[in-house]
Amino acid sequence: MPYCDLEDLKQDISETELQQLTDDERLGAVNEERINAAIGAAGDLIDGFLRGRYALPLDPVPTIIRTIAKEIAIYRIFLRKKRQTITKEMTDNYNAQIRLLEKMQRGEITLGGETPSEKAGEGSYRTNRKSTDRTYSKDVLEKM
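Going by the working numbering, the sequence shown opens with residue 1, and the numbers climb by one from there.
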């Protein structure tokens, strides 16, 4: 799930610069497909860190996640076009976003609300299976 959008990116980077970074065909417009690919990759990365700790996709999207997604997407857009000109500041910012996600993954930073482990209770697990998905009924299992 995308956790930010083109309008979020435009808060930190101008449309002209976005066009320069994505318009390889020189059509005179921002290539939204490339933007969406970077946004999607950022969302996948975030989900990878938070899987198992939170029910995904996050809805509503917490502000901190929107910010992290935006920063990662911008970094990826620059990386695909201007790999040689990525500054130390940009790399440090990207690494800071990853460290935030790692802290969320470890539970040092929470997004608020219940996490799957809190809903299930200590020492238990959650599954997407229902009792109707069982191969054997409760009666059959009790006879064993």
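Derived by calculation from the structure, the hints in this document are not laboratory data.
Model, not experiment: these values are computed from the prediction.
Beta carbons: idealized from backbone N, C-alpha and C, even for Gly.
Fair warning: there could be bad hints in the mix.
Once the Cα atoms are required to be at most 25 Å apart in a straight line, the calculated BS3-like pairs of lysine-lysine come out as [claimed, not checked]:
no.	residue 1	residue 2
1	Lys-82	Lys-143
2	Lys-88	Lys-10
3	Lys-10	Lys-82
4	Lys-103	Lys-88
What follows is a list of derived Cβ distance ranges for each label pair [to be verified]:
no.	residue 1	residue 2	range
5	Gly-28	Ile-98	27 to 37 Å
6	Gly-107	Lys-10	26 to 36 Å
7	Lys-88	Gln-19	21 to 31 Å
8	Val-140	Leu-79	17 to 27 Å
9	Gln-19	Asp-44	45 to 55 Å
- Message: For Lys-82 and Lys-143, compute the direct alpha-carbon distance and say whether it is at most 25 Å.
- Response: Distance ~67 Å between Lys-82 and Lys-143 Cα, so the pair is violated.
- Satisfaction of the hinted span 26 to 36 Å by the C-beta atoms belonging to Gly-107 and Lys-10: holds (33 Å)
- Given the hinted pair Lys-10 and Lys-82, is their alpha-carbon gap at most 25 Å? With Cα atoms ~18 Å apart, Lys-10 and Lys-82 stay inside 25 Å; holds.
- Task: Quickly compare the C-alpha distance for Lys-103 and Lys-88 to 25 Å and report which way the hint goes.
- Result: Holds, at about 22 Å.
- Check the following: the C-beta atoms of Gly-28 and Ile-98 are separated by a distance inside 27 to 37 Å. With a Cβ separation near 35 Å, Gly-28 and Ile-98 satisfy 27 to 37 Å, so the hint holds.
- Do Val-140 and Leu-79 keep their Cβ atoms within the hinted range of 17 to 27 Å? violated (56 Å)
- Query: Does the Cβ pair Lys-88, Gln-19 satisfy 21 to 31 Å?
  - Reply: Holds, at about 25 Å.
- Message: Tell me if the straight-line CA distance from Lys-88 to Lys-10 falls inside 25 Å.
- Response: holds (22 Å)
- Query: When you take the CB atoms of Gln-19 and Asp-44, is the distance between them in 45 to 55 Å?
  - Reply: violated (25 Å)
In this structure, the hints that do not hold are numbers 1, 8 and 9, in rising order.
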